[in-house]
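> In order, the protein sequences belong to chains A and B. Residue numbering for the first sequence follows numbering that gives the first Met the number 0, beginning at 0 and increasing consecutively. Residue numbering for the second sequence follows numbering that gives the first Met the number 0, beginning at 0 and increasing consecutively.
Don't read these hints as lab results, they were simulated from the structure. Check before you lean on any hint, since a few could be wrong.
Identical copies carry no separate label here, and so any pair may be met within one copy or between two of them.
List of simulated lysine to aspartate or glutamate pairs, EDC-like, C-alpha gap at most 16 Å [what the hints assert, rightly or not]:
hint	residue 1	residue 2
1	K25	E110
2	K172	D150
3	K131	D152
4	K172	D152
5	K131	D150
Residues per chain are reported as follows:
Number of protein chains: 2
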Amino acid sequence: MSVDEVSTSKAAARIRSAAIEIFAAKGYGATSTREIAASLDLSPGAMYPHYKTKESLLFDASLDGHRRALAETKQADIETDTPPVRLASTVRAYVQFHARHHALARVIQYELRSLTPEHFRTIAAVRRNTSKVFTDIIGAGVVTKDFSIADTDAATLAITSLGIDVSRWFPSKSFSDPDVLASRYVELALRMVGAPPS
Amino acid sequence: MSVDEVSTSKAAARIRSAAIEIFAAKGYGATSTREIAASLDLSPGAMYPHYKTKESLLFDASLDGHRRALAETKQADIETDTPPVRLASTVRAYVQFHARHHALARVIQYELRSLTPEHFRTIAAVRRNTSKVFTDIIGAGVVTKDFSIADTDAATLAITSLGIDVSRWFPSKSFSDPDVLASRYVELALRMVGAPPS
C-alpha cells in the first residue's frame, strides 16, 4: 500500500478498529498482531492480506485519524467569519474530536515513535497542516485587532496541546460530555489570545 | 517494600534511572526487565533484590516523580503572595518540571494504566494534591477578585493538562528552553483565569 492511501475495504476497517481498541487499552508495544486477529476470531493468516505488519496497522490508523481531525477542524472554519468566531468553531471541533474519539486519538497521538521514519514524516505533514489552521486564525485576529498576543506560536502550541491531552484523560468524573468540555476550552482559548470577553 | 516508600539505595536509584530512559524511549509495554538489567551490565538476578517485577519499578518511579512534581509546585507557592503571583510561580514550576524531566514525566504520566489498582490509588492521591494547589490558588484569586472565572475546575484541568502535555513533545524546534516555555505558559494561564494584563 502506498503511503498516501488508507485501506478502505470493510475487512481492513474492521481490523483497524479492533487494533485501535487494543492499542489504546494496552499500548502498542504490549500488543501482538496475533492478539488483534484473535479478538476478531480471525487467524493471523486471515489478517495478513490486509496488514502485513503491526506498524502498517498503526500507520493506517494514524493517517486516517490525523486526516479526520484535520478535516473536522478545517470544516469548522468558515473563512468569512470573524477571527473570534473562527477560533471558537475550530477549537470546539478539535476538542470534540479528541473527546469523542479518545481511544483512536490516544493511539495516534502517543504512539508516533513506533512509526517508521517515512511514515512518521507523512503524519507530521498532516499535523503541521492542523496547527496551521490555528496559527492562521490567530494571525488573522492579530491583524484585525480582535486578538492581542505577542507569541502566536505559543498560543497555537497551547491550543493544540489542550486538545491532544483530552485523549489522555477523557472522560473524567468532572468532564464526560464532549460538548461541555469543548465550550469550556473555547472560552479559555479565546482568553489565551486576548479576545475581549463576549 | 511498602507503598509508602521509594527505595532510596544507590543501586535502586541507578536501576530506576535506566528503566525510566528505556520506558520513555520504547514504552513500558515493549520493555523487559532483562533489557533494563542489560543496559546496566547487570544480570537479571542482580536486579531482583531491588525490583522483583517491572511494575514495582514503574510504581517506584511514578511515586518518586509525582512527589517531586508536587513538592516543586508547592515549594513555589508562597501563600502570603497575591493570587496572580502564586499562580505564576506554581505554573512556572510545574511546566519547568515537565520540560526538564520530560523522560521521567512522560513515563509517569502516560503509563498509569500499567500500575496495579492499589499502586494506582497511591499515585492518584498525589495527583489530586497537585491539582489542589492550582484549584486553591484560583479559588483565592476569585475571592480577592484578582481572577474572574466561572468554572475553576476547567481552569485547573487546562493548566495541569498544559503542563503534563509538555512531557509528550518537549523539546521541539520552537521551544527547547524550559524557562522560556514556562514564561509563555504563565502568561497564558493568567489570561485563562481572567487576571488583568500586568
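> Taking each numbered hint in turn, which are not upheld by the structure, reported in ascending numerical order?
none
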